[in-house]
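There are 2 protein chains.
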Amino acid sequence: MPSNIVELGKQAQRAAYQLGQLETAQKNSILKSMAQALNEKSAEILDANQKDLENTEKLATNFVDRLTLTKERIKAIAEGLNQVAQLPDPIGNVDKAWVNAAGLSIAKRRVPLGVIGIIYEARPNVTVDAAALCFKSSNAVILRGGKEALHSNLKLAEILRAVLKDNGLDANAIQIIEDTSHETAARFMELTGYLDVLIPRGSARLIKAVVNKAKVPVIETGAGNCHVYVDADSDKKMAADIVVNAKCQRPAVCNAMEKLLLHKDVADEYLPYIAEKLKPYHVELRGDKKAQQILGAAIKPATEEDWYTEYNDYILAIKIVDSVDDAIEHINKYNTKHSETIVTNNYQRSEQFLDRIDAAAVYVNASTRFTDGFEYGFGAEIGISTQKLHARGPMGLEELTTTKYVVRGQGQIRK
Amino acid sequence: MPSNIVELGKQAQRAAYQLGQLETAQKNSILKSMAQALNEKSAEILDANQKDLENTEKLATNFVDRLTLTKERIKAIAEGLNQVAQLPDPIGNVDKAWVNAAGLSIAKRRVPLGVIGIIYEARPNVTVDAAALCFKSSNAVILRGGKEALHSNLKLAEILRAVLKDNGLDANAIQIIEDTSHETAARFMELTGYLDVLIPRGSARLIKAVVNKAKVPVIETGAGNCHVYVDADSDKKMAADIVVNAKCQRPAVCNAMEKLLLHKDVADEYLPYIAEKLKPYHVELRGDKKAQQILGAAIKPATEEDWYTEYNDYILAIKIVDSVDDAIEHINKYNTKHSETIVTNNYQRSEQFLDRIDAAAVYVNASTRFTDGFEYGFGAEIGISTQKLHARGPMGLEELTTTKYVVRGQGQIRK
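Same order as they appear, the protein sequences are chains A and B.
Just so you know, we're using the UniProt record's numbering here: the first sequence kicks off at 1 and counts up by one.
Just so you know, we're using the UniProt record's numbering here: the second sequence kicks off at 1 and counts up by one.
No wet-lab data here; the hints were simulated from the structure.
Take the hints with a grain of salt, since some may be wrong.
If several chains are the same, the list does not tell them apart, and a pair holds so long as it fits within one copy or across any two.
[Unchecked claim] Once the Cα atoms are required to be at most 25 Å apart in a straight line, the calculated DSS-like pairs of lysine-lysine come out as:
#1 10 to 208
#2 96 to 108
#3 415 to 147
#4 415 to 75
#5 289 to 277
It should be emphasised that the depicted structure is a prediction, and the values quoted were computed from it without experimental measurement.
Using the sequences provided together with the hints, build the complete structure.
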């Protein structure tokens, strides 16, 4: 693959045109062949991964863990390809169709976006996962992964590209940027006219950098300062179960809860109960004055900055509020518009919360952790959009498509 | 209204929150009151417009014409408000709803974008038109019109804002940028965190400038290098009717045809016939060598640049092609992805054209001029998107909305 980024863009566009003409059965068969190839060549993949794993002494344990491949992990990655093969293909679906006043038959048809760029960190599984979702939705993809995973990524792409070639297709449907310098990344983010969309996947810092620097259209993903508001009229056990699940089941992810808002009428009773349930997880509690009065030494003071912070850790900030209005106002001020929950038995307040909270997903009596492409039943997820244009919330295959109007006439001209 | 652009953004956000809670009937009633107010105050509007019309001696006639208001034109603008009142309200509509594996009831609900920025030229009617569509879709709007129309725009906005105020609403749902300097326009385009989307309306030059400079999300509209391909198996009269309509009915607009591709087997017969039909419109013809051989002195040579150019004028470039494949290849190379037509009686070639052309709208046997929100039956149009993200083709009220997932549970937590 050439190091010239514009050349990669041109190659991707040519491949994208071919992908747009593929039939679903052909795409599915190729995805299954890719899965098989990954399993067959797992020894080669592990060799490449081993090269990446040398010189990682200075890196954090969880970083190295995400970078590490095993035979079992390769098997799981390959199984992911088989699952993508089984998903419904959005391409060609018609969202709406009607006949206009002039008698034209108009259909709004789903078509590929074209060329998708993905910028991600040192997780080799993202290479295969993103390539599979782009391929299934008939998009060419240009992947720019973290430099620490380069050997693994190149080997994985080599295997996928060989399958494309064996099937008579343009291997440039899947390309890796080999030059992992910041200069090349910057040029990638400015590849106007070639990249139809750029999707960053990874840490908040990576996403923010891409959003700030990119000149091509970006879909912002990931940041989640998620709240659970527990209403006065609510079930104490349900509230605690949801808080523990939303906070502790997987605290590092974007749909984990970061803030607990508690109605003042139940704070004295609920807060010690919830704190007790959180104890086994060693959650650090921070709170406003009222929460401190209730929990005493078991809670630290929260600063103004806390209300803005996505901890991605076993930390929870707690605020006692006077009403659902206060809760809504606080959430709309501090949230990242990701996922917000109310725990209540009151009909009016549940509706107020659902109507007035500005977020990709709003919940009554459920954990924020459900904001996820798999949990929503999309069978896949390329990320969770926290922006309002094009896609909002979990993005599956359909979010990797656009539409075109297909119009059939009998000689109509405009009056 | 303050001249500080960030302050305008803050005010718009506050107003947007209120707009999100309005009921449809209330919005419609206010739109009708706005229409009435414009008619009642037409003398004041004409006075303000007169100020704009002073010192326009150096401006082109058609520019001054677009800037000029008359009592009749004000009546038509007011009637537009009544029409927007009659359109269906997209807010609250549910695109899809289902129950997931965990038993959560998930609905994808249409909600406002929030704050919309519009940058446009010296057409006072756009002020009212854009304000009405944003208000009906519960979005706050910040309008930045051409400096030549400032007096008219301020007076129109004053009248609309007074109606909002009389109805107990925040007048800042509709704001005008009074400072029409380039510096302020630049700061407007960088109003990240306040503007949810910026839509430029006007000339290709204006749109290009906004797309290049903006840091907020932009919806690109308007550029249309549209083609009509006439197949070997086609109806000669239908082909000529479509060409004349697409080229001459309103040549200055983006969905007008700019290029004619003609199959070689019918070129000798069709081209003189079509040229004859174009004669009454004094269309300047430019063509490739084969077209020149057929028409002789009646056609000028076309340059490479011609194939890229959107004339927006009585000029047509003509190319003779060998096949539908050649036509598709040429169009996908040179088009602006707006609107493309094939004239054919052949089923296979019609399907190939519809499938393989990359454009917002593709037609069989119809004029490209139909790409329009009103013609498509949307009842309104804020512009025609030529980009692939969020909206593609004519944008009506629904394209001014986003979605949120509204999820109702009974205490579900994630396993």
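So, going through the hints one by one against the coordinates:
1. Taking the closest pair of Cα atoms, residue 10 and residue 208 come within 25 Å of each other only across two copies (22 Å); inside a single copy the shortest separation is 27 Å, beyond that limit.
2. Both within a single protomer and between protomers do residue 96 and residue 108 lie at most 25 Å apart by alpha-carbon distance, with minima of 5 Å and 16 Å respectively.
3. Taking the shortest alpha-carbon separations for residue 415 and residue 147, neither the intra-copy value of 59 Å nor the inter-copy value of 34 Å comes in at or below 25 Å.
4. With identical chains, the CA atoms of residue 415 and residue 75 are at most 25 Å apart between copies only, with a shortest distance of 23 Å across copies and 61 Å within one.
5. Taking identical chains as interchangeable, the C-alpha atoms of residue 289 and residue 277 lie at most 25 Å apart only when both belong to the same chain, with a minimum of 21 Å there against 82 Å between chains.
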